[in-house]
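Given chain U, work out where chain C should sit, using these hints.
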Amino acid sequence: MTERPDLKQTLGRLLGPAEPEVGCDECFDQLDRYVELELAGKDADAAIPGLRAHLDGCPACREEHESLRALVGDEKLL
Amino acid sequence: MTALNAATVGIVEPISPLPTLAPAPPSLDVESREWLQDLHAKDATRDEAITRLHALLLRAARFEVARRRPALPHLRGDELEDIATEAADDALMSVLRRLDDFRGASRFTTWAYKFALLEAAVKLRKRSWQGREVPLEPASWSLFSSAGLEPDAEAEQSELLRTLQSAIAEVLTPHQRRVLVALALNDVPIDVLAERLNTNRGALYKTVHDARRKLRNHLQGRGLALDIWLEEKR
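As given, the protein sequences belong to chains U and C, one line each in that order.
Per this note's numbering, residue 319 is the first one in the first sequence, and the count goes up by one each step.
Per this note's numbering, residue 4 is the first one in the second sequence, and the count goes up by one each step.
In case anyone wonders, no lab produced these hints; they're calculated from the structure.
Glycine is no exception: its CB is placed at the ideal position from the N, C-alpha and C atoms.
Please note that the accuracy of each hint is not assured.
What follows is a list of derived Cβ distance ranges for each label pair [as the list claims (entries may be wrong)]:
id : chain 1 : residue 1 : chain 2 : residue 2 : range
1  : U       : D392      : C       : D213      : 35 to 41 Å
2  : C       : R72       : U       : G330      : 24 to 30 Å
3  : C       : R62       : U       : R380      : 20 to 26 Å
4  : C       : A47       : U       : Q327      : 50 to 56 Å
5  : U       : D392      : C       : E153      : 44 to 50 Å
6  : C       : D41       : U       : G330      : 43 to 49 Å
7  : U       : G391      : C       : E140      : 23 to 29 Å
Chain U extracted, bound-state conformation (with noise of 0.2 Å):
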């Protein structure tokens, strides 16, 4: 296998995921559901499908995704 990082970051970016995808006001509207689905091993794609495409197409939305599941991963660990 040949290293091809920039140019596979950047192919990814400009031409995002392949599947179907919600957008951003649905993904911010599924998001406290999502990650609670993730946090409990439940089968959170499925249950919200379009939503990881979105993250993996988005990174505004991915950081907050990745914010939202560490502050509540946190907590449950309180």
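Here is chain C on its own, set in the frame of chain U:
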């Protein structure tokens, strides 16, 4: 206006009088039910609940600021605290305005947290780009090294890049081109670009989505196997 739009374009609508509490979903957990009851109360219970809610949102906003702090060395501690406080204030208004949107699909606190995280993240992205020019032209394509590639693969990469460059120039509309180039090639945060273009995140992402579909269709129509490059299967 959605919370996302409000955060993205910096518009915060005044809190409207809260409507009568609708029957809570049967699946609501005890803590979430208490939050709703207290926030819909008519007496001092509501004021006390709003104070607790603000503290909760401030904690979430500080959490986001702390996560991003290493990338913001130019911001002083008091500036970061001001951003966290503003984010909590704006998130409080969003949560109260949208209280009836909460249907118990998650715990109330998880639902509320996302408003504070969004507000803090958007403010920090905008702050980090304050005063900076937003590049709308393509960055150099020469960054893609062909070192180590077999001659056939190098030729394929060159063809892919040539086709992609021409597709961006010729297939996309001018608006799609500058939005995609700014976000995907020049790493401009979507909230920053939305503010500069006087639009919102959702509308910009729709533009990106449509542009990406066009590029994919164009490349696949020319027989370029995108999966090989995107998934690194070789």
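Results of checking the hints against the structure:
1. Evaluation of the 35 to 41 Å hint for D392(U) and D213(C) yields a pass: the beta carbon distance comes to about 38 Å.
2. The beta-carbon spacing between R72(C) and G330(U), approximately 27 Å, falls within the hinted interval of 24 to 30 Å.
3. Take R62(C) and R380(U): their Cβ atoms lie about 22 Å apart, and the range 20 to 26 Å holds.
4. For A47(C) paired with Q327(U), a C-beta distance near 54 Å keeps the hint of 50 to 56 Å intact.
5. At about 47 Å, the CB distance of D392(U) to E153(C) agrees with the hint of 44 to 50 Å.
6. Judged by the Cβ atoms, the range 43 to 49 Å given for D41(C) and G330(U) holds: they are separated by roughly 45 Å.
7. For the pair G391(U) and E140(C), the beta carbons lie near 40 Å from each other, so the given range of 23 to 29 Å is not met.
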